[in-house]
Each structure stands twice: as C-alpha cells, then as structure tokens.
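Asks: Sequence lines, in order, name chains A and B. Numbering-wise (the UniProt record's numbering), the first sequence opens with residue 1 and increments by one. Numbering-wise (the UniProt record's numbering), the second sequence opens with residue 1 and increments by one.
Honestly, the hints are just simulated from the structure, not real lab data. All values reported here derive from a predicted model rather than from experimental measurement. Built from N, CA and C at the ideal position, the CB exists for glycine as well. Mixed in with the good hints there might be a few duds.
[As the list claims (entries may be wrong)] No farther apart than 30 Å at their CA atoms in a straight line, the calculated lysine-lysine pairs in the DSS-like style are these:
(1) A/K174 <-> B/K7
(2) B/K7 <-> A/K347
(3) A/K174 <-> A/K347
[Said to hold, decoys possible] Computed list of chain B residues with no C-beta within reach of chain A, every gap over 10 Å:
(4) R71
(5) N169
(6) D328
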Amino acid sequence: MNQHPEQTENSEKSEMTEMSTKPVQGEPLLKITDLQVAFSTMHGSVQAVDNASMELAAGSTLAIVGESGSGKSTTAMAAIGLLPGNGKVTGGSIRFDGQELVGMPESKLRRIRGEQIGLVPQDPMSNLNPVSKIGTQIAETLLTHRQATKKDVDQKVVAVMEQAGIPEAARRAKQYPHELSGGLRQRALIAIALACRPQLLIADEPTSALDVTVQQVILDQIGEMTQELGTAVLLITHDLGLAAERAQNLVVMHRGLVVETGPAEQLLNDPQHPYTQSLVRAAPSVAAVRLAPDAFAAPSGTSGSHAAGEPTADGDRPSSGTAVEGAPKRTAEPLVTITDLTKVYPKRGQADFYATRDVTLEIPRGSTVSIVGESGSGKTTTARMLLKLIEPTSGSITFEGKDVLNLNKADLKDFRQRVQAVFQDPYSSLNPMFTVGRIIEEPLVAYKRGNARERRERVLKLMDQVALPAHMFRRYPAELSGGQRQRIAIARALALNPDLIVCDEPVSALDVLVQAQILDLLKDLQQELGLSYLFISHDLAVVRLISDYVCVMKDGELVEAATSEEIFTNPRHPYTRKLLASIPGNELEIDADAEVA
Amino acid sequence: MLRLIGKRLLLLIPTLFGLSVLLFLWVRSLPGGPATALLGDKATPEAVARVNAAYGFDKPLVEQYFQYMGRILSGDFGSSLLTNRPVLEEFAARFPATLELSAFAIVFAVALGIPLGYWAARHVGRWQDQLAVLLSLMGVVVPVFFLAFILKWVFAVQLGWLPPDGRQNPRIDATHYTNFFVWDGLITGEFDAAFDAFTHLVLPGIALGTIPLAIIARITRASVLEVQNADYVRTAKAKGLAPNLIRNRFVMRNAMLPVITTLGLQLGLLISGAVLTETVFAFNGIGSFLWDAIFNLDFPVLQGFIIFIALIYSLINLVVDVSYGLIDPRVRVS
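Pulled out of the complex, with its shape left as it was, chain A reads as follows:
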C-alpha cells in the first residue's frame, strides 16, 4: 500500500533543502539524521534528544528501546510534529517519504498526520475524547482526509473497526469510550491510526497500560494489520524482549543518545555498548532463567528445604478453584495462613460481585509468596484484606496462629507493627510535604520508639540499608527519582522491624534497570533480616525473579498455586500457560551464558 512513485534523480546534497513530495529512489521511508530536540524549562534548555539518527524502510518495523527519559518518545513525537509546547527540534533532519518534516508548515503537516503517519498512543484510557462516540472519533479522521463522504462514512467506520478486531462493530461505534474495556479502546485507537492506511505507524508504548494477555493480542493485531496494509511501524517501548519479538531492527536510546543500532537478534545476543549489555541483563523477560536460581536460594535457616521436597507433594493434587498453597511439611508453622477468604461486593439489581472467592494460601516464614494476576483478578483485594485495610466477607486469616480478623487492641497494635506495606506508585504513596527523614521516622513516632536522637540514628541506618545516601535526609520526595522513592517506601516499611511486608506491585512503575535494583534490594533485605514477603504483581517475569511460591489468580479465584519452579517449568492450569506465553520475548532463545561473559 505504500505508493512509491517513480523517482526523480537527485544529488544527495540537495536533499536537505528540497521540499518536493517525490521520494528519492532507494531512500528509506523515514530517515532521521542527527536529530536534536530541546525542551525549554524553568532551569533553562534541556537537551532531550542529541544527534539521533535512524532509518526505517517501507513496510518494515523498527523499535526504539529505552527507559523513561531516554528520548525515545520524544524522537517519535518529533517525527510526527507533535512535541509538547516547550519542545523544539533544534537541529538535524527528519525525512519522510522524500519530504523534509523539520520546519514544514503546520498546515502541510496536518495533511500528513493521520493520512500518511498514524499514531497509536500509550494509554487507551486517556487518549479517546470522553464526550464523543467511538464511531465519530474514527469518522473524523476519514472525513478530514477525504477517505470517506458523509454518506458512506458510517459504513467505512464499521469496516475499519472490524479490521481492528472490534466485535459487534456497528454497536460499539455508537458507544462512548467509558463503555469499552482498555483492550477495546486500544483497538479503537488502532482503528483511528490505521483508518487512512498510512505508510507509517508510530506505536508509542501501545500496550504498557494493558494486561499481559491483552498486550499480546493487541500487538498481534497491530502486526497483522500493518502487514496487510504494508505499513511500516516505528515501535517505541521500554521492553527489550517485546521489541526483539516484534521488530527486525532495534535502536537503543539512553539519555537522549542513540547508543546502539542493529538487527534485533544480533543486538540481544551480542550487545556491544555497556548500556545495552546492562539492559539485556536486567530485562526480566529475557534474563529470568539466568537470575532465577538466586531467588530460589534459601533465605534463612527455617525454610531451608522447601524448594527441593515440594513439587511431588504438590504435584498429585489437581489445581482447582480452591487450590491450597503447597506448604512443605515442616515443623515451623507458617507465618500467615489464609483460609477460604472471600470478599463480596453486592451490586444493585445484579448478581453479587466476588472480588475474591475462597482464596486459601500460606506464607511460610522467611519466604516470598507471589500472587500473579491481571487487573480485576482480586490480587490486590487479597493483599488489602491481609493488611486489614478492608474486611473480608468470610474466611479467615491467621498471623502466627492468631486470628487476624478478631484481634484484641494490644494484639492489633502488635500486628500493625509487624505487617508493613510497600505500594505501587512511589509518586503518590509518599507525603509530598514531609522530608525523607520524616517519612521514614513516621512509624517510629507513631509507635513511640526511642527518643529523637535514637530515632534519627535508626532512620540513618535504615537509609543505609536501602542504599539511600545520608544527605537525602532533608530532601523532599519530589526531588528524588522513582527508584529512590521506592527505597524510601521500603525503608519506612522496615522501620518497625516487621516480619511480613506486603508489596503491592512495588516495581511496576519503575524502569527496567531500576526494577532490577529494587528486586535485588528486596532479596538482600530478606536474607539479612529474615523477612517474609507477599508480593503482588501482574508481571510473571518479575515474579519469577523473586518468588519461592507463586499463586495465580483469575476473576477472584486462585487457579494455580505451587512453587515458583513448578509454575514456570510445569504450569498446569491453561490460564497459567496463557500468561506465561504472553510474556514478551518468552520464545526468544537467548544464550544466557554468552552475555555474562
């Protein structure tokens, strides 16, 4: 579908100035040369992209991989002329289909956007106009670019929606965004982006806001549709595994610079640049197999033999809705026992909603039990009930043999100190008005531990434990990075010497390299302090790095529970298999040992 008309001869030198619409023979569809992008901020100009160059041939897929702040999205937005107000291309060239896009007047760019370059944005929840019908939002593109008339637009909208895999397209077209699930909304955005059959599709983290199983379907959809239309894809992602799986060529960006470029396979197996090497090492999806044995190492003496003797004991029992955590037969009683935990939210006029149903599991002392599931699976509800933030409808929770749901005042006070939490979003879970020192000290003050000097010493020791430099004591959370903030949250959780820390998606808001650091920290602390973790995550790859036991939840029920090894090497429940298969890069055969060298 890419119409490369016959070519006019042109010397290379005149390329930069020439604004003709005729592409140069053999020139790639998109050619970015020495691109410079700067943002003007209160503290002066910040260089977001520095001398970036890359090429994308018609019909092929190129992925830009990098962490947040690497300039990957900025590069893509520059290519479609949609930098935020304070951003500006300060140098270099972006040639698309033979035309120079840098400096092109807005009115001309507008004709390219939507018609020749489509955009699939990151977050399907915020990218659709909430007050306009889905069909209208697709029709706008078609009408603007004269790909449909008022008469046949409805019919064309439905056709495009069907192509994007939206069931009951005619009905959905009349619905508003809030009536659709995240996956369907992303399909609607794909339909918008591809409605005019563009030559280039920019997919900016198109699935990072979606559940894993949905992720894969969406990526497949993009792949199929673009292949059918002959559309080239510029894929922006933080996930190296996903990039390698979907793109022929990769560009790795770091702090505004392109650090490495090359075919996906080669770049993964033989990364040249140190940054790429560290990225390959840290990517959970790719590197899980190699890092896993560490995580299985017995953290403390009490639970030394669980991994070895367990699988057979658990193996005979079919996993059912009420699967029991396969606790090894050992003398020590588990720290936490959860039995038939159910939380029901009554719904008016409809059947009751079971957030969790008959969840049963145990958390042995000193080990990590993970609950994996997609949004709405009930994993967070379970964690909240264990934290006594919400009351279960039925079932029981015991902590060291005591019934958590009926604690007396003194026992409750004790329980509140020994069970701590680390939450997902390090940006909103820390009081922005408190200094780092005060945040970590807060629990010590609340439970009247020591005097001011002793507390200060304790805080500094905690900061040392989580590798936060002491000079951050007086800083505010807003001055720190996401990883540093999550370290604060961990230090605060550790302040009262807890036995159990409930970690609710503690790393999912963090970049890959930082993710790896935080997971390492959690692991080290566990060994040092004999902690137990209940680890909640949607990301199987992350779970694999840290867990001794894994529970898989779906629609409020535990569908499978076993040791980590068992789950990853011998999944029984079809849903677990589906989850495993959805990990991007799972099927890439990467020689783990080669990279270590």
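Chain A is already provided as a structure; the job is to place chain B on it using the hints.
Replies: Then chain B, alone, in the frame of chain A:
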C-alpha cells in the same frame, strides 16, 4: 435522562414540604405572634384577639398548618401587609423584571467570560493572559453596588449613552402582557419599546454580570489549560484534524464541564446581587420590594418569596444537571 428529570422533580416534594414547615413555624414564632406583626407593637389586646380569630391564629398548630398548606397549594399566598394586594399579584408584576435583568447578566457573563478565558489560556504566560487575569481579578474584587455607581456615573450621567434608571421610558406607550418588558415589546411588535427596555437593562445587567463573568473567565482559563494538554487532544492532532474542529469538539466540550457547574452556582447568587443593583438603578424588580418586606416583617411576602426562590434554585440545579448530562456521557449512566 427523563428518569433523571423525573427523579429530581420528585425530590422537590420533600424539599418544599420541609421548607413549608420551617416557614410556618417561623411565622408563628414572631415576637408577639403574627397578629402583632400585622398590627404593630401598640395594638390593643382586643385587636390582637380579633385578628387571631379572623386568621385562625388561635386554633391548634397542626390545624393551622393544614389550613396554611391548603391555601398555598391552591395558589393563595395571602396578601402583602404593606400593599394589601395578593402576594402572587405583586410577584407577577415584579419578578419578571428581576428575571429579565438576571438573564441579561448571565448571558453577558457567559458570552464574554468564556471567550476571555479561552483567549487567556491560548496565550498563557503572555501579556494577553496577564491582562485577562487582571481584568477578572478586578471584576471579583469590586463590590457590585460600587461598580453600579461607577457605570451609572460614567455611561448615564457623564456620557448620556444609556438611561440612568428605571425599566422603560415612561413616555413610551408600551403594552405589557407578561411584564418581561423586552419580550412584551417583541411579541406586540412595539420594537421601540423593546429596544428602550433593553437599553435600560444594559447598565444594571453589566453591573450584576461582572462577578459571574470574572469567575467564569477564570474557570474557563484553568479548564482549557488542563484540557488542551490532555492526551486525547494530542491524539486529535495526530489524526490531522483542523484546529477549529479540535477546539470545538475536543477542547471546549470537555473544558465546559466545570464551567457549567460554576454557572449553576452563579445563577443562584444572582438574585441576591440583583437586590443591590436594582436599588442603585431604581429598577423596579423584586429587590426593592423584598427590601421593604424584610424591614416591615411582611411575612406573607417573605414566605412566598422563599418558596419561590427554592423552586427557582431547584429548577436551575435541574437544568445544570441535565445540560451536564447532555455534554458528558459518563454522567448519563449514573
């Protein structure tokens, strides 16, 4: 949508019932009782007794209440103690004036406030923005009556462009059906009368509408600033849509939601603002009449007025909710 309207109308019943009980008890607890209020402090006991018997004030409270409710439901709010004319008749003569003035004020506030706010947001940080913010700040800080005096002095007294007071030039022979003077002029074809009534609305209307204008401008500015950086606006740009389509369908429709909420609140406040403005411009609306009623404890008028205002407030709220639902589909479901 119809269910929402029905629900809200049903809600009026308990609201008005509660209000009527309060009003009833208030009148009965007036110092010396309602009869003294009617007759004045120096009334003889015999006269008081006579009035009590005549109005039924000597009967048990519950019985009095049912009589009172019966009268209200049949549309009888009693007669003004001051003018001796039925309360409803007085209202019919004066309320249209206040409503006409309020309508002018709110149209003025919306028609200028929303574009001003949008203009400021589009030039954020530049002189246009600062000017708009300064203007809207001045609009809020200047008291209504003071602004009214200034407007009157400049445009009516010094420049003579607009009439200084009244609702219509008494020399114009205008026919009045509804007491909405502009409207009356239009339907009877007396366009000179309509125009004259309109010119009388301008100065008091601007005085009354300035505070809502300033508030609407500020809310619009803040709201547009937020919405124009929304992801869906960027997506709209990525579709290659024309700028005015993006402005109308994406930015303004979403930015209007908080503005409508504010507008509803402002409409409610207009009536109290109208009392002051009407006094300055000798505008014969409900304002001055209410003023006298308060000072003379003209309780039938006050009772009627409070019930009327409650009705108007409820209806405004309903209109706001309905228009909110029209713009925002997410509200419609719940």
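Asks: A separate judgement is required for each hint: does it hold in the structure or not?
Replies: Checked hints:
With a C-alpha separation of about 26 Å, the suggested pairing of A/K174 with B/K7 holds against the 30 Å cut-off. At roughly 21 Å between alpha-carbon atoms, B/K7 and A/K347 fall within 30 Å of each other, so this suggested pair holds. Taking the CA atoms of A/K174 and A/K347, the gap is near 26 Å; set against the 30 Å cutoff, the hint holds. The claim that B/R71 is not at the interface with chain A holds, since no C-beta of that chain comes within 10 Å of its own (minimum 41 Å).
A cut-off of 10 Å between C-beta atoms confirms that B/N169 is not in contact with chain A; the least separation is 47 Å. Here B/D328 does not stay apart from chain A, with its beta-carbon only about 6 Å from theirs, under the 10 Å limit.
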